[in-house]
Amino acid sequence: MEQSGTSALLQGAVQDLSSDVVSALRGGDHVRVAGTGAVDGLAGGLAVAAVRVLGADLLLPHILSRTPAAPEALTVFRQTVEAFPPRADAAPIVVWSHWAMSRTLRRLDAPQAGSPAGDEGAEPEAGWLDEATWPFLTHQLAVLAPLAVPGEDCAVARVARSRPVDLARGFVRAVRRRDWQQAAGAGRWLTLLDGVPDTLGLETGLDFVELMGGSDPRVALQVEAARAMRWTGAFV
Amino acid sequence: MTDTRLIHTVGVRALEWLWAHRDGFRLEPDVDPDVGFLERFKPVGELALICRVLFREGVAGSRQADLARRLVDHTWRHTLDGGRMLVRGQRVEPLSPIPFEVYLPYKELGYSEPDVERATVLYHRLNSWAALELDPTRRLGMSAFQRRFGLTPRPPEADLVGATWLARTPEPWTVSGHIAYDLTHTVFHLTDWGERPDGLPPDIADYLTMWLPVWIDDWLDLKRWDLLGELLVVDACLPRPTLDERAWEGFAAAQQPDGAMPAVRTMPEGEPDEVFDTVYHPTLVAAFASVLATSRALTQLAHAPS
Chain A
4 MEQSGTSALL
14 QGAVQDLSSD
24 VVSALRGGDH
34 VRVAGTGAVD
44 GLAGGLAVAA
54 VRVLGADLLL
64 PHILSRTPAA
74 PEALTVFRQT
84 VEAFPPRADA
94 APIVVWSHWA
104 MSRTLRRLDA
114 PQAGSPAGDE
124 GAEPEAGWLD
134 EATWPFLTHQ
144 LAVLAPLAVP
154 GEDCAVARVA
164 RSRPVDLARG
174 FVRAVRRRDW
184 QQAAGAGRWL
194 TLLDGVPDTL
204 GLETGLDFVE
214 LMGGSDPRVA
224 LQVEAARAMR
234 WTGAFV
Chain B
1195 MTDTRLIHTV
1205 GVRALEWLWA
1215 HRDGFRLEPD
1225 VDPDVGFLER
1235 FKPVGELALI
1245 CRVLFREGVA
1255 GSRQADLARR
1265 LVDHTWRHTL
1275 DGGRMLVRGQ
1285 RVEPLSPIPF
1295 EVYLPYKELG
1305 YSEPDVERAT
1315 VLYHRLNSWA
1325 ALELDPTRRL
1335 GMSAFQRRFG
1345 LTPRPPEADL
1355 VGATWLARTP
1365 EPWTVSGHIA
1375 YDLTHTVFHL
1385 TDWGERPDGL
1395 PPDIADYLTM
1405 WLPVWIDDWL
1415 DLKRWDLLGE
1425 LLVVDACLPR
1435 PTLDERAWEG
1445 FAAAQQPDGA
1455 MPAVRTMPEG
1465 EPDEVFDTVY
1475 HPTLVAAFAS
1485 VLATSRALTQ
1495 LAHAPS
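Protein chains in written order, with my numbering: chain A, 4 to 239; chain B, 1195 to 1500.
Hints listed in this document are in silico derivations from the structure and should not be mistaken for laboratory results. Here a beta-carbon is modelled for each residue, glycine too, at the ideal position from N, C-alpha and C. Check before you lean on any hint, since a few could be wrong.
Said to hold, decoys possible - Between beta-carbon pairs, the in silico distance windows are:
hint: 1; chain 1: B; residue 1: LEU1495; chain 2: A; residue 2: ASP19; range: 57 to 65 Å
hint: 2; chain 1: A; residue 1: ASP219; chain 2: B; residue 2: ASP1397; range: 35 to 43 Å
hint: 3; chain 1: B; residue 1: LEU1416; chain 2: A; residue 2: ALA93; range: 31 to 39 Å
hint: 4; chain 1: B; residue 1: HIS1372; chain 2: A; residue 2: VAL168; range: 22 to 30 Å
Claimed, not checked - Straight-line Cα separation of at most 25 Å, SDA-like style, residue types lysine to any residue; simulated pairs:
hint: 5; chain 1: B; residue 1: LYS1417; chain 2: A; residue 2: PHE139
hint: 6; chain 1: B; residue 1: LYS1417; chain 2: A; residue 2: LEU67
hint: 7; chain 1: B; residue 1: LYS1417; chain 2: A; residue 2: LEU140
hint: 8; chain 1: B; residue 1: LYS1417; chain 2: A; residue 2: HIS142
hint: 9; chain 1: B; residue 1: LYS1236; chain 2: B; residue 2: ARG1264
hint: 10; chain 1: B; residue 1: LYS1417; chain 2: A; residue 2: PRO138
hint: 11; chain 1: B; residue 1: LYS1417; chain 2: A; residue 2: ASP182
hint: 12; chain 1: B; residue 1: LYS1417; chain 2: A; residue 2: ASP169
Work the whole structure out from these sequences, hints included.
In structure tokens, the structure reads:
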């Protein structure tokens, strides 16, 4: 019971953070990181865990708008990166998710000497996607949607760039299966890619995903990110 | 690529079941007029259409071809009473397209009933027949059948394609079961049931090449065997069929030991006639998909570098 209670609390915290990010993406405000003022104790632990789940997207509005993040948001973010280094045997998506957070920290926290920001760090490898079927590829890329950022290259983004048709098929599959979060994540990647089939109807597709699944702030976040990035531009 | 023997065996077993259950192809001459005498003609017409595909493709084994010939003969002689039931159908409901649609494949297989032909030629002259408010895919099929009959299609097929769902190549994530059946039949009519794959306009072929794998993956996982079978037919109508291994293995595994193909998930229970009415269509579709895919697999083999 306690575990499921904690899990529900964490889910709620992730949803709240996602809502904050959606608001910032829509309004151009700072990410406020509501409810994470206290970063010590139980509440702080919960906040850090929630930030870990949300990953680099917590500070996406500042990456896209090239504006500084609020200090308290940056503090929680940095603590999360430091608190959860991936284990040696971690799954690729865990390693990449952490790498994405470190990269965001480097972009926004560069002056902080001695922090992970100063460590350019070796990029993980993306070999696990080499033979990925299009459904698996789409699932993995949707989980790693925080890596879909204009102007930012990495091995995972290069895989995505090389397989726009497979990712488009995965988007259709996810919508058909009403997996709105996967569809939204895939749609965000597709927004940045060349070679997406015109017949996909990506823009209306993302609007449909928002209509059907947008009451979940994590879905809304991906749709809003895609919208914001459509204005910002594709990969360099 | 999928093992051709697996694909072929699905069709052999389907024919065995259809032959064993041939009495299920039955009309109800004394049916309540409100229900309609013509309601039970559809299975008969579909059987003849698919047996004709089987003869045309020439990849059936001797046992399979023999069963198909006997099934066509049985339904013409017994179910349709040598074509007289089609005449009766045209008398009951003169402008219904159903007797004509059922008659056409029998005519192509060498059967003849002059009264059906006379009525068809007359109806073809009627503006009313050309103006029937059929859905766009059915209307396209009517014109295609008129051409195959030897008549000038009214309206011409080229004028009808654009009104179908598929011709507009819409957002692929909106496809539901109903839309999927519409698009499979559009492909059937455009290609004369797989005879002319080049009857698919290039933009439609490209569209299907792009999105069909998603729909096949989806309806395979949903165990909707009837629709999956139709989608596998569409695959075999494409310029480069995938003959998807996972889909064919799942489809073959769903088939019962006696050759019946359930429509959805597993076999239904009930009275034999009820079971027949539920599974005859997916079993016919299995035979259809099997013969076309086998034919395409052999074509690929013939063109493969040695």
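Hints and how they fare:
1. LEU1495/B x ASP19/A: 57 to 65 Å: 60 Å, holds
2. ASP219/A x ASP1397/B: 35 to 43 Å: Once the Cβ atoms are compared, 36 Å apart, the range 35 to 43 Å for ASP1397/B and ASP219/A holds.
3. LEU1416/B x ALA93/A: 31 to 39 Å: Holds: the Cβ-Cβ distance is about 34 Å, inside 31 to 39 Å.
4. HIS1372/B x VAL168/A: 22 to 30 Å: At 26 Å between Cβs, range holds.
5. LYS1417/B x PHE139/A: Satisfied, since the Cα-Cα distance of roughly 20 Å is no more than 25 Å.
6. LYS1417/B x LEU67/A: Violated. LYS1417/B to LEU67/A sits at ~44 Å, over the 25 Å cutoff.
7. LYS1417/B x LEU140/A: 23 Å, holds
8. LYS1417/B x HIS142/A: 22 Å, holds
9. LYS1236/B x ARG1264/B: 19 Å, holds
10. LYS1417/B x PRO138/A: Within the cut-off at roughly 18 Å; holds.
11. LYS1417/B x ASP182/A: Distance of about 19 Å is within 25 Å: holds.
12. LYS1417/B x ASP169/A: 23 Å, holds
Checked against the numbered hints given earlier, this structure breaks only hint 6.
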